[in-house]
Amino acid sequence: SAVISQKPSRDICQRGTSLTIQCQVDSQVTMMFWYRQQPGQSLTLIATANQGSEATYESGFVIDKFPISRPNLTFSTLTVSNMSPEDSSIYLCRAGDLSYGYTFGSGTRLTVV
Amino acid sequence: EDQVTQSPEALRLQEGESSSLNCSYTVSGLRGLFWYRQDPGKGPEFLFTLYSAGEEKEKERLKATLTKKESFLHITAPKPEDSATYLCAVQAHTGNQFYFGTGTSLTVIP
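Heads up: the protein sequence lines correspond to chains A and B, in order. So the first sequence is residues 1151 to 1263, counted in the working numbering. So the second sequence is residues 10 to 119, counted in the working numbering.
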């Protein structure tokens, strides 16, 4: 299965600023997925990132708030823009395929103060 | 509507006390059912993919089974290091969306 390197592992940010999270995959994957996980909750899909096209966002998530880049088949970034304390969460990327399994990055723990 | 339900929400076991976690699902055509282990503050760790009813997979003390309506994660003679939240997810044939359960929090007491 794919190995994903996610950075940063954690950050504390000021209200109103932005943070960009990176995920690097050790193999080429068609799609990458970005999730948010609130403490004690399950995972909520933010968007699906395809290489060469705009990301597809789930209900309740918009591109202006969570812009995503997917410049090639091994890399993607998620930016959390104009942050508020409600954005404090763990952010995760997922990639892989059905045959070899879908793996997650190690997560980014974001705290907004 | 596609959905996944996991039970119990929490489970406390004595070391060596075997048990099973349940994942019930409804999906319009199962493409795959996935089990993950998640430690606090970390990303989910991939354990198994099951594709069709009757399939079984094993890894150390864990064994996953699948029927047309549910999957079980059997834990044999658990150790304290097996303590974690175990997540189940399904993928339907109709798309790439994963439907996650809310997880079972397992605590194994020495």
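If you are wondering where the hints come from, they were derived from the structure by calculation, not from laboratory data. Cβ coordinates follow ideal geometry from the N, Cα and C atoms, glycine included. Check before you lean on any hint, since a few could be wrong.
[Stated by the list, open to error] Which chain A residues face chain B? A few, computed with CB under 8 angstroms, are given here:
(1) Gln1188
(2) Ser1192
(3) Ser1238
(4) Thr1253
(5) Leu1260
[Claimed, not checked] Quick list of in silico lysine-lysine cross-link-like pairs, DSSO-like style, CA-CA up to 27 angstroms:
(6) Lys51(B) to Lys1157(A)
(7) Lys66(B) to Lys88(B)
(8) Lys51(B) to Lys72(B)
(9) Lys78(B) to Lys1215(A)
(10) Lys77(B) to Lys66(B)
(11) Lys68(B) to Lys78(B)
[To be verified] One side of the interface only, derived from the structure: several residues of chain B facing chain A at Cβ under 7 angstroms:
(12) Gly41
(13) Pro53
(14) Thr58
(15) Ala62
(16) Arg70
(17) Thr74
(18) Phe81
(19) Tyr108
Structure-based check of each hint:
1. Gln1188: violated, 12 angstroms
2. Ser1192: With a closest approach of 5 angstroms, the Ser1192(A) hint holds.
3. Ser1238: Check failed: Cβ of Ser1238(A) comes no nearer than 13 angstroms to chain B, outside 8 angstroms.
4. Thr1253: holds, 5 angstroms
5. Leu1260: With a minimum Cβ separation of about 12 angstroms from chain B (threshold 8 angstroms), the hint on Leu1260(A) is violated.
6. Lys51(B) to Lys1157(A): holds, 13 angstroms
7. Lys66(B) to Lys88(B): holds, 20 angstroms
8. Lys51(B) to Lys72(B): OK: Lys51(B) and Lys72(B) at ~23 angstroms, within 27 angstroms.
9. Lys78(B) to Lys1215(A): Distance of about 38 angstroms is beyond 27 angstroms: violated.
10. Lys77(B) to Lys66(B): Distance of about 16 angstroms is within 27 angstroms: holds.
11. Lys68(B) to Lys78(B): With a Cα-Cα distance of about 22 angstroms, the restraint between Lys68(B) and Lys78(B) holds, given a limit of 27 angstroms.
12. Gly41: With a closest approach of 5 angstroms, the Gly41(B) hint holds.
13. Pro53: Holds, because the Cβ-Cβ distance from Pro53(B) to chain A comes to roughly 5 angstroms (cut-off 7 angstroms).
14. Thr58: holds, 5 angstroms
15. Ala62: Constraint on Ala62(B) not satisfied, violated at 17 angstroms.
16. Arg70: violated, 19 angstroms
17. Thr74: Check failed: Cβ of Thr74(B) comes no nearer than 18 angstroms to chain A, outside 7 angstroms.
18. Phe81: violated, 19 angstroms
19. Tyr108: At 10 angstroms from the nearest chain A Cβ, Tyr108(B) fails the 7 angstroms test, so the hint is violated.
Going down the numbered hints, you'll see the structure goes against 1, 3, 5, 9, 15, 16, 17, 18, 19, while the others check out.
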